[in-house]
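If you're matching them up, the sequences are chains A and B in order.
The numbering of the first sequence is the numbering used here, which starts it at 162 and goes up by one.
The numbering of the second sequence is the numbering used here, which starts it at 323 and goes up by one.
Since the hints were made in silico from the structure, they are not lab data.
For each residue, glycine too, the CB sits at the ideal point set by N, CA and C.
Mixed in with the good hints, there may be bad ones.
What the hints assert, rightly or not - Examples of chain A residues lying across from chain B (beta carbon under 8 Å, computed): (1) 218; (2) 222; (3) 252; (4) 380; (5) 541.
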Amino acid sequence: MKDFLELCMNVDYADMRVSENTSEFIMLEDGKISAAVENKYSGFGIRVLKNGSFGFSSTSKELNSKNIKECFLTAEKLAVVLSKRQKVKRKIPELKKIKDTFISPFKINPFSVPTKDKLMKLKEIEFLLKKGENIKSSSCFFKAVEEKTDFHNSIGSEISQKFIVPVFGFFAVGRKNDVIQQVMKKTTKCTGYELVENFDIEQNTREAISEINTLLNAGHSPAGRYPVVLDGGMTGLFFHEAVGHACEADAFIKKQTTLEGKEGKKIAAEKVNLSDDGNFKNSSSSYKYDEDGMPAKSAVLIKNGILLGKLHSFESSIVLNEENNGHGRAIGHHYFPIPRMANTILFPGEYKKEELFEGIKKGIYLKNWKAGEVDPKKGTFTYAAMSAFLIENGKITKPLRDVIISGNVNETLMKIEKVSNKIDLIFSGGYCGKQDQSGLRNNSFAPHIMISEAMIGGRNN
Amino acid sequence: MEEIIKKILSKSKNDTEVLISDSNSTKSYLSKNYIRNTSSSNEKTILIRVTLPDGRTGCYNCEPLFWETALKKAESIAKLSEKDKDFRGIPEKQKYSRLKPSNFKISSEEFIQKSFSVLDTASQTKARVIESDCELINTTEYFGNSNGIYIKEQKTNTSFSIWTSYKKNTIISGFASSSLVDFAGKTKEICDLCIRGDGAKKLKTTKKMQIIFDQNTMAYVFSSMLTPSFDAFSKIKGINFFCNKENQKIASPNFSVFDNGLLEDGLFSSISDAEGIPRKKTPLITEGILNGFLYDYYTAGMENKESTGNSSSIISRPSISPSNIVIKKGDFSEDEIISDTKEGIIIHSLIGMGGANPVSGDFSPAVANGFYIKNGKILYPVKELMISANIFDMIKKISAIGSKAEQNSEIVSPMIRFDDVLVIG
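Just chain A, with the same shape it has in the complex (with noise of 0.2 Å):
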């Protein structure tokens, strides 16, 4: 590292982060293997801040002298190009060395696993599967990913992390006349091939064909507004988009939030408790220290419905002259990091599942996350689940299929009447999209929640 630290006394700081990842992938495709590819993936991306802008590049060419100047000398050329067009020149706070090695624990190394192993236990999902009623087709997979990074920085930090993430699980498409319905069942953590020997094949398949089956006889569900019901799936998707994103502190920058001004606030009803952590035990998207090479810490969004934080890179924090919380994240060498939620966490209230939907006349229960997008300037919402059910007199009756809820994420949190006291903890691992950087692992964990009333998508009315 020496070569990067001499070039570094040329510029005002400099970070270079160093990768090393290799993967494993294979899929199951009804019973046939239609991939199966290791990856290994190295190299570098410099950061440098020169004249008060920061320039960066990155290349997968080999780590030596030459190339680590051809790469440090490209960021400054940009940072110079940048800082002529840029008023406010970005200075360096007091910042810690710090040196330190981490190995996420695991017990079996993925790596190890001979492959016939984990295309038996593949093969033993597709059969179960098979035998469904009305199951047409299967996906089987398993990837396994070890993540390497040396972060180095011009005051001397050296930085070790080591992360190995498996992922283990499947879909299942059924039909019954023309209709068609799929089923995904995933999970992940940040631990070893431990994961996939404690996955319940026979329970998760037998829940999958189930639910297909309720999917498949399921009618479309009414249209207009009506009071909903989420599950912690469905809950931790609602804060991830509408009030997580809307916290990172690079939205505050560009004002583009529709939290802009509220700080210190009310912008939830009362009981909405959030936190986002970096280092949620187990969590797939945890980690001891950012990209950014700052320790993960634990940041508290909103308190008793004030909104009470944000989430900070090194570098929203140096804009905004704020504290940094550890959120810097980025999907590999070759991007900048940015503010990024990591685990987002709404803490439980007082009321039993149940109780949530005392009182409901007409509204949906919507199940298991499917997909979720936010206008976080406009606040305009829409959340897809996989299953949902009609609530008649405050009990579940008539499974409906692809439900849609949409609305305004500011009227939305203030109708929030009830939250359940339990965390539904589902580690089916979620991946999110923010600018040019998509597939960054993320979770959220959250209990049910109760809304008084929300926009459905359907057919009939």
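Starting from the known structure of chain A, arrange chain B on it as the hints suggest.
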């Protein structure tokens, strides 16, 4: 790179395919009061797929420097894999059409300077750029297989996304080009639309009316909802809405669609697909009749057909994706489509297609930017509005197609009007 490919193919005793990709990109991330950074990236990868005579296949992906390890690894993964009775070998040497060569060249610094015109153009309007990411990407791909195919293709694309706001309204849009994208022109277009969209009202009604998708929205809906239905492999598996509907009427007679991998200036035009099969023009829907699907070499073999040149990758088998999907233009100007609309919504952007079900065709997105039309006149912008529709029903009720098309992602589409779509206010 050609040398490396030759060495690999001479060393391997099995069916082997090699792809080396060398890409350089330059990006600038802009905002009105905050230019985050500029970045440059150079990435090289090699992907080797080895298939044994009984169909057992293995893939390995790494830095080209380690090609010998990659070949050994791909072979060892293949040995651990399983037989595939549908494997019929890899493509033989082919004849390729010529594509018009691109003379477009620009340096990283010049591109970054040009990208600043996004901010300069917006500053001349009342709208504000919340965020804009601009990218220049140069890619050279070298592909070879053990049956004698060798292809080198070079491509330069530029793109930018823009997110603007005016008072309470915002618009997010993206543009790409095989030459220099029109930063100033597109920024002006989006800023003007954003200003017009201010003062949106709730419609407060739930009923069926006419819906107009502009080119951008049509591309978004088509790629989410219809593109997956042209995949021949899902048709063979019976999990595709179009299976058993070939040569049947599935859309209005004014609706024709084809895939064209050789489209002049098409963003996804190339001389060959990922397996070395020549790109071509493939009819998918002709005057409302379903008459085609997209195939790679493997899937074509399952039905004893020729590949349409739509393999997207050698990582998995099969792997099918479109090149440039072109919707045939109609005769109506955009003004004519609006003035002929009795009651409806013209939609410039949607959010929430991630929850759509492309297999059943059901989708219920929210309208992010749209205007209410009554008796041929645009009355006001709308907010908090969803549409609830089934794409396979919608394409049977197309009442007007515009005469001006543009490409967004892989879709080249004109403006299209659909009748009887449920709007939830």
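For the hint on residue 222 (chain A), just tell me whether its beta-carbon gets within less than 8 Å of chain B. holds, 7 Å
How about residue 541 (chain A): closest beta carbon in chain B under 8 Å, or not? holds, 5 Å
Measuring from the C-beta of residue 380 (chain A) to each C-beta in chain B, is the shortest one below 8 Å? violated, 12 Å
Does the closest beta carbon of chain B sit nearer than 8 Å to the beta carbon of residue 252 (chain A)? Status violated, d = 15 Å.
Interface hint outcome for residue 218 (chain A) [beta carbon to chain B under 8 Å]: holds, 5 Å
Checked against the numbered hints above, the structure breaks hints 3 and 4 and satisfies the rest.
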